[in-house]
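Peer 1: Respectively, the protein sequence lines represent chains C and Z.
In terms of this note's numbering, the first sequence opens at residue 1 and continues consecutively.
In terms of this note's numbering, the second sequence opens at residue 1001 and continues consecutively.
Hint data in this document are derived by calculation from the structure and do not stem from the laboratory.
Treat the hints with care, since some could be wrong.
[As the list claims (entries may be wrong)] Below, simulated EDC-like cross-link-like pairs (lysine to aspartate or glutamate); rule was C-alpha separation at most 20 Å, straight line: (1) Lys210/C - Asp1101/Z; (2) Lys1361/Z - Glu19/C; (3) Lys120/C - Asp1392/Z; (4) Lys323/C - Asp1403/Z; (5) Lys6/C - Glu1312/Z; (6) Lys6/C - Asp1355/Z; (7) Lys1059/Z - Asp1104/Z; (8) Lys1398/Z - Glu333/C; (9) Lys312/C - Asp1403/Z; (10) Lys312/C - Asp1392/Z; (11) Lys1361/Z - Asp20/C; (12) Lys5/C - Asp1355/Z; (13) Lys1184/Z - Glu1130/Z; (14) Lys1428/Z - Glu1406/Z; (15) Lys1398/Z - Glu331/C; (16) Lys1358/Z - Glu331/C; (17) Lys1358/Z - Asp325/C; (18) Lys312/C - Glu1406/Z; (19) Lys269/C - Glu1373/Z; (20) Lys6/C - Asp1357/Z; (21) Lys323/C - Glu333/C; (22) Lys6/C - Asp1320/Z; (23) Lys1059/Z - Asp1101/Z; (24) Lys1055/Z - Glu1277/Z; (25) Lys330/C - Glu1312/Z; (26) Lys1398/Z - Asp325/C; (27) Lys5/C - Asp1104/Z; (28) Lys270/C - Glu1373/Z.
[To be verified] Sample of chain C residues lacking proximity to chain Z, with all beta carbon distances greater than 12 Å (derived): (29) Val8; (30) Val53; (31) Leu114; (32) Ala145; (33) Phe147; (34) Leu153; (35) Ala204; (36) Ile212; (37) Ala225; (38) Tyr292; (39) Ile302; (40) Val307.
Even glycine gets a Cβ: it sits at the ideal position worked out from N, Cα and C.
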Amino acid sequence: MELNKKLVVSSSPHIRNPEDTRSTMLDVIIAMVPALGVAIYVFGLQALALVLVSVAASVFFEWAYRKIMKKDSSIGDLSAVVTGMLLAFCMPANAPLWLPIPGAFFAIVIVKQLYGGIGKNFVNPALAGRAFLFSWPVLMNTFAAPFGYESILNIGADAVTAATPMGSLHAGTLPEDSLVNMFLGFIGGSLGEVSALALLVGGAYLVLRKVISLRIPVSYLATVAVITVIFPKNGCDNLQWMAYNLLGGGLMLGAIFMATDYATSPVTKKGQIVYGIGCGALTVFIRYFGSYVEGVSYAILIMNVCVWLIDKVTLPRQFGVSKEDRRRAKEQEKEAKKKAKEVAAQ
Amino acid sequence: MSFHFYGGVHPDDKKSLTNQAAVTALPPPEQLVVPMSLHIGAPCQPTVAVGDTVKMGQKIGDSGAPVSAPIHAPVSGKVIAIEPRLHANGTMVNSVVIENDGLDTPCETIAPHSEEELRDPEALVKIIREAGIVGMGGATFPTAFKITSGKGKVDTVIINGAECEPYITSDHRTMLEHPEELLKGIELIIRACGVEKATLAIETNKQDAIDLLQSKDPAKYGVEILPLRCRYPQGAEKQLIQTVTGREVPPGGLPAAVGCAVFNTFTAYSVYRACYEGMPAIERVVTVSGSAVQEPKNLLVRVGTPLGYIFEHCGGFRKDPDKILMGGPMMGNAMHSLNVGTIKGTNALLAFCEDEDKTVKNPTCIRCGRCAEACPMHLLPMYLYLFERHDDYANMDKYHIMDCIECGACTYSCPGRLHLTHSCRTGKAKMTAKRNAEKAAAEAAKAKAEAEKAAQGAGKEGK
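Extracted from the complex, chain C is given alone in its bound form:
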């Protein structure tokens, strides 16, 4: 039997999971849609406009950098879209429309592409972009009030501003907003972080689609819950203090969408739990003792740079070697060393 074309010879396996980087990123985008919907409802079309500018700028910088450096285009993997959305999600809804552009430049070019592109950055690009935007502290720290727009269709118009629940928590008092409003997202804050409900729906989608595991979000949220319930500030009610801390600020957005960023979180199972606990502890630490009212983004950025170390010290147990086997091997090693020392001393 003759063949008309040459056969491909490669090493096994010869089939692949249909899911690739693009479909994974698409899942993340889908998971962010509920939060975006709530943002538009609460802050008006201005929120959508900010997200669109941020996404367009991110994709443009990704495309332009790779074009200038004569590398293959990588915008098809949709990771720049995710970064753009997340960057806008952690901005106030009343920020000027140009503000996402320098943030996107820093996130995509400096943080992501200069280190080699997707998977190689060592801190979360969106969070680093946000940190960079604090070069404009007033713009980043003035928050639109929920439903503070004259018309939902207004873009760029000045909206009524308001204090956020995080301000009260930082001052050591319980916020005036009800817990129900906190849960639904009818509060002031960054545009994508307000609705715990929408973020949890997105998180559930990601877990069901196996894009993320529960290890990081649960260990992160549980750590914050445990610390805040034990140590409320100024004698506030323990449970209420914990609930406001869980629902307030960027915690849900951070725990579900930011801390689970693949490139900047550990790959070992144990490591992911250690990392989640670290994020939770640092978040509470900054909220309690820092001068910033919110600690999520810096907590995650700090843990990001520890990831390689965490992976190294949380290697999985070797197959076929039980914990006892390892302990025994270690003891033997110690004894051998001791003997060697004794011999050397003699």
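Could you slot chain Z onto chain C? The hints should help.
Peer 2: Below, chain Z alone, put in the same frame as chain C:
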């Protein structure tokens, strides 16, 4: 009760293409090429010469080495050449080329063995060796050696009916079409190994086979049937042992180290045929499937049948294939020619034309960790990939690269389309080469030191 193995993936099994198709015997071709190496271990030396007439089942190659298995003529006919020919492993291997006379004249040695012989474990092992039976799941480890080397250590015998690779249905059909023969074969293996019973582990995508075998009173043969959830690589030896017994084979160890011996379903069936019919291992059920095959089939194929001939009997190709595989899509080998003969462990032939391997120009790791979740050996393939690329031997060792079983689960699960399994394979080869080189260097240094010492001694004597 069964345990779980760690990790794994769940590919679309594609078994419906052939799992309803009864096995048909493929008429042997006019010429067969039988390589003198159809197993892991020492190759055989031909026991026939060019011009000899051979009968079907006549021994044509053997070796005195312990890890080896004799080779028999798959058809009757004339030996027309003994020369190196292309083997399925990609190398040139000394092969006996037989011109088929089309008569299938059986050799005189093909006769049922006596009841007495079948009651004696020693005699059974001898029958199994003489019949050239090897691990038919693809590993082709000589079965008789597996039994003798495990004597006294093995307390659990597992029969591998997991058939966890997609597409393959050859063991499934064998279970459905020869349930009693299979159970009798397992009974013989139990006896040869000197144990009480065996566990036949079958994935639940073969529920009809499980039901049928249950209805044949397996307990009478000492067989316990264990249904398993479907998950790849359940049928890998170490994972199957873990699923059935909860034991983990230690690094670098053999199943016997945890008291287990694993035999493939078709191996057990071959043992039955060798003992009750006297038939040596000259044929195997092969699943011919894949997107490029016109009529996917299960065929009973003689060893040494060229691949082209087999595909022609399945209606040829629907579309020009990109890839031809011998074995399953996860661990099978890609062939570069159709002029290769089947071997004893060939359980499937696949032809793909629909970009099944989804190769991309720039594979990129996004550190999602899915490879680590999929790895049944607790490895971190994305790190091994980096270490292999940078020849970082210390870290390859620290991250246990030698534990990799090359099951392909990491590559399968990778959304960045990296060739992770390939890196592990290359890394293992590099490690082995380095260890061997170090060993050789150490030996050379020792020899040199000794020679110097001897020379000094001789010099002193001279004074």
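Peer 1: For every hint, state whether the structure bears it out.
Peer 2: For each hint, the structure was consulted:
| no. | hint | verdict |
| --- | --- | --- |
| 1 | Lys210/C - Asp1101/Z | violated (58 Å) |
| 2 | Lys1361/Z - Glu19/C | holds (17 Å) |
| 3 | Lys120/C - Asp1392/Z | holds (19 Å) |
| 4 | Lys323/C - Asp1403/Z | holds (17 Å) |
| 5 | Lys6/C - Glu1312/Z | holds (18 Å) |
| 6 | Lys6/C - Asp1355/Z | holds (15 Å) |
| 7 | Lys1059/Z - Asp1104/Z | holds (15 Å) |
| 8 | Lys1398/Z - Glu333/C | holds (16 Å) |
| 9 | Lys312/C - Asp1403/Z | holds (18 Å) |
| 10 | Lys312/C - Asp1392/Z | holds (15 Å) |
| 11 | Lys1361/Z - Asp20/C | holds (13 Å) |
| 12 | Lys5/C - Asp1355/Z | holds (15 Å) |
| 13 | Lys1184/Z - Glu1130/Z | holds (19 Å) |
| 14 | Lys1428/Z - Glu1406/Z | holds (10 Å) |
| 15 | Lys1398/Z - Glu331/C | holds (19 Å) |
| 16 | Lys1358/Z - Glu331/C | violated (48 Å) |
| 17 | Lys1358/Z - Asp325/C | violated (41 Å) |
| 18 | Lys312/C - Glu1406/Z | violated (23 Å) |
| 19 | Lys269/C - Glu1373/Z | holds (8 Å) |
| 20 | Lys6/C - Asp1357/Z | holds (16 Å) |
| 21 | Lys323/C - Glu333/C | holds (15 Å) |
| 22 | Lys6/C - Asp1320/Z | holds (9 Å) |
| 23 | Lys1059/Z - Asp1101/Z | holds (17 Å) |
| 24 | Lys1055/Z - Glu1277/Z | holds (16 Å) |
| 25 | Lys330/C - Glu1312/Z | violated (60 Å) |
| 26 | Lys1398/Z - Asp325/C | holds (16 Å) |
| 27 | Lys5/C - Asp1104/Z | violated (36 Å) |
| 28 | Lys270/C - Glu1373/Z | holds (12 Å) |
| 29 | Val8 | violated (5 Å) |
| 30 | Val53 | holds (26 Å) |
| 31 | Leu114 | holds (16 Å) |
| 32 | Ala145 | holds (38 Å) |
| 33 | Phe147 | holds (39 Å) |
| 34 | Leu153 | holds (38 Å) |
| 35 | Ala204 | holds (19 Å) |
| 36 | Ile212 | violated (9 Å) |
| 37 | Ala225 | holds (25 Å) |
| 38 | Tyr292 | holds (28 Å) |
| 39 | Ile302 | holds (18 Å) |
| 40 | Val307 | violated (9 Å) |
In summary, the numbered hints that this structure violates are 1, 16, 17, 18, 25, 27, 29, 36 and 40.
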